[in-house]
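Engineer: Taking the hints into account, I'd like the entire structure generated from these sequences.
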Amino acid sequence: MNDASRQASDTELEIRRLRWQCRRGMLELDHLLDRFLDLGYRDLDPAQRLAFVRLLGEQDQRLSDWFMSRTEPPDSELRRLVRHIVDVVRERRGGSVDLHG
Amino acid sequence: MGIPTRHFDALIIGAGGAGLNAALQLAGADLRVAVVSKVFPTRSHTVAAQGGVNAALANVLPDSWHWHMFDTVKGSDYLGDQDAIEFMCREAIPTVYELEHAGVPFSRLDDGKIYQRAFGGQSQNFGGDQAARTCAAADRTGHAILHTLYQQNIRARTHFFDEFFAIDLVRDAEGVICGALVLEIETGEPLLIESKATLLATGGWGQVFRTTSNAHINTGDGAAMALRAGIPLMDMEFFQFHPTGIAGKGMLITEGTRGEGGYLINKDGERFMERYAPRAKDLASRDVVSRAIVTEVKEGRGCGENGDYVMLKLDHLGEAVISKRLPGIRESSQIFAGVDPVIEPIPVFPTAHYAMGGIPTDRFGRVAMPAGHGSEEVVVGLYAAGECACASVHGANRLGGNSLLDILVFGRLAGKDIIEYVRENPYQRTVDSASLEQAMGRLRRWEHKGEGPTVQQLRADFRKCMEDHAGVFRTEEIMAEGYNKLCELRDRLPEVRLTDQSKVFNTARIEALELENMMDVGMSIAVSALHRQESRGAHSRPDYPARDDQTWLKHSLYYREGDRMDYKPVRTKPLTVESFPPKERVY
Ligand SMILES: Cc1cc2nc3c(=O)[nH]c(=O)nc-3n(C[C@H](O)[C@H](O)[C@H](O)COP(=O)(O)OP(=O)(O)OC[C@H]3O[C@@H](n4cnc5c(N)ncnc54)[C@H](O)[C@@H]3O)c2cc1C
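Note that the protein sequences, when read in sequence, are chains R and U.
Mapped onto our numbering, the consecutive letters of the first sequence carry residue numbers 4 to 104.
Mapped onto our numbering, the consecutive letters of the second sequence carry residue numbers 1017 to 1603.
Don't read these hints as lab results, they were simulated from the structure.
From the three backbone atoms N, C-alpha and C, an ideal C-beta is built for every residue, glycine too.
Hints should not be assumed to be uniformly reliable.
[Stated by the list, open to error] Derived coverage of chain R by chain U (criterion: at least 3 residues anywhere in the stretch with Cβ under 8 Å from a Cβ of chain U; other residues may be distant): (1) 31–37; (2) 57–64; (3) 67–73; (4) 87–93.
[Said to hold, decoys possible] Here are some chain U residues pointing at chain R (derived, C-beta under 8 Å): (5) Ser1060; (6) Glu1179; (7) Lys1265.
Structural biologist: Rendered as structure tokens:
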């Protein structure tokens, strides 16, 4: 296995491990976190990936407050990540919208 | 068979409000108690409950448990058991104070008393003026309750099995339930938990419908486990839909949007509620609005490429009103629907919200089922509480704020009864190997290799079928067709194959097990709904538009074996007060 493919398979293993952590008590969070894992996680650098793991360790209520812009995460790294997740997952209308994802 | 085994006095499956409140009683009595939860306990769905919990504290307006009882009986469309309802409404008061003492930060009045909000369906004096009965911890009541209970359980040394998935109940040679087979999600390894008493507290099953407000974990696992153990599910046709969920996604758009002046339009831009409810229009009751939306879609006036939703228009309210009075709606719509409600309308469709039915229990949380000749028998050693159970306090329709109450009151009572039970039955029964083998079979079945439909395909077809044929719009024709389709889907289940057969963190396998559970529970809803030929509470049938107390003032019981229905009488006699006889429900 070359380096690139080893890295890719490590990433897939990480995603497997993180998948269940994206199961939350609120539908909104399920949707944001689970979709981000598929759509955005692979493009994160190692530091951002650690931040994502840190984010998953937060309480549902806090996460919900952050994603719905009621409050902001205390540090800039999480603030950026929360905005990034919303940006990646946000539904875009027009063209072929997947309403049933 | 060499499966690792652990022993406890009591096993609690589910760590939401119901499971944790039960566990707390047990741990406090020095019983060895195990709580199994498929997600970390504070990620249970109870965390999503924002509105609050009802109790007649009379802190804001005059109130009494008896008025609360009247509202609940009426709200249930007279299908609730009046002894259980009386009990719950009386217990509500000490329950809320107990939570307060435990540290739940309820919002307060200036005089320091717990603040109480007014909600629909709450009255003073048996149907008189509006009452204010809902206690809330800001807009995070569920979160506050769940955290407080979790911390207390940690202190009381409750043993938690976090991220363990319960597969099935197991029995001894006499057929008595004595624990469950569970799966550690991380390792994929099975574990047998033997216990003297077992409590199912696995929450609801909104996920059986395509559009739901429920989190992904709400797949009805406990209810399906009960079905497979030969226990019927009660009043399953009664499922509460919220008229405005984000189309195709399910997240709630609060009723407040219509209260503030928002209204629904179809693809022609017509304000269609004027046709269905000329007076109340968009503020008509939930079921009326839900059915109107589905009718518009069915008759070809839905919006979008597939014409499968309608629009909620708010832009005329202006940015200031939307941002100030409807916090979170703008963000939610932008993220999940891709629209800014300040500029354009939000695509909406009725979303499956709350399960009134479930595993039949008495008011001590003991699972009870018919024993022939009209009598009932307790299922020895088995308890159920919370949304998965049906102590029958919601009947055909639940009032807002009564479900947190239900899970807390009956969770606690189940805990107390288990203490007694374990004292009287101190010996652990031995799990029968055939029963264990059967449970293991459910797991091994997913090791079959080869070609076949995927879990995702079947799940999508199934949830769509439930939405179309057992959702808001229920005529004989639609439901009979739905039943046939569901049977076909059920027949396809054994052909489904997993492409990923690995063990460690194999969420695909968990999703497969959940799909089996959802299909069993979904079938119970579809069959129960097909049989009930009347409209009552959340079950409304255009072909039988009236409530029929003569024939249908009775509880439905669905058995998995042969999709069989049975019925039992409603308990109309309260514990200490006079019955509330059925009346027409007008609000
Ligand atoms: C968006 C929303 C808002 C709501 N707001 C309110 C409100 O304001 N007031 C109110 O009274 N009610 C409200 N409700 C309803 C209320 O929140 C629920 O009925 C209640 O929280 C259910 O609690 P529970 O303890 O029965 O189950 P849950 O909190 O759903 O917990 C179920 C537990 O079972 C576990 N579990 C499930 N299956 C398995 C398995 N196979 N193996 C192991 N563990 C398993 C889960 O991990 C979880 O710990 C709301 C519901 C929704 C969807």
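Engineer: Any of the earlier hints contradicted here, and which numbers?
Structural biologist: none
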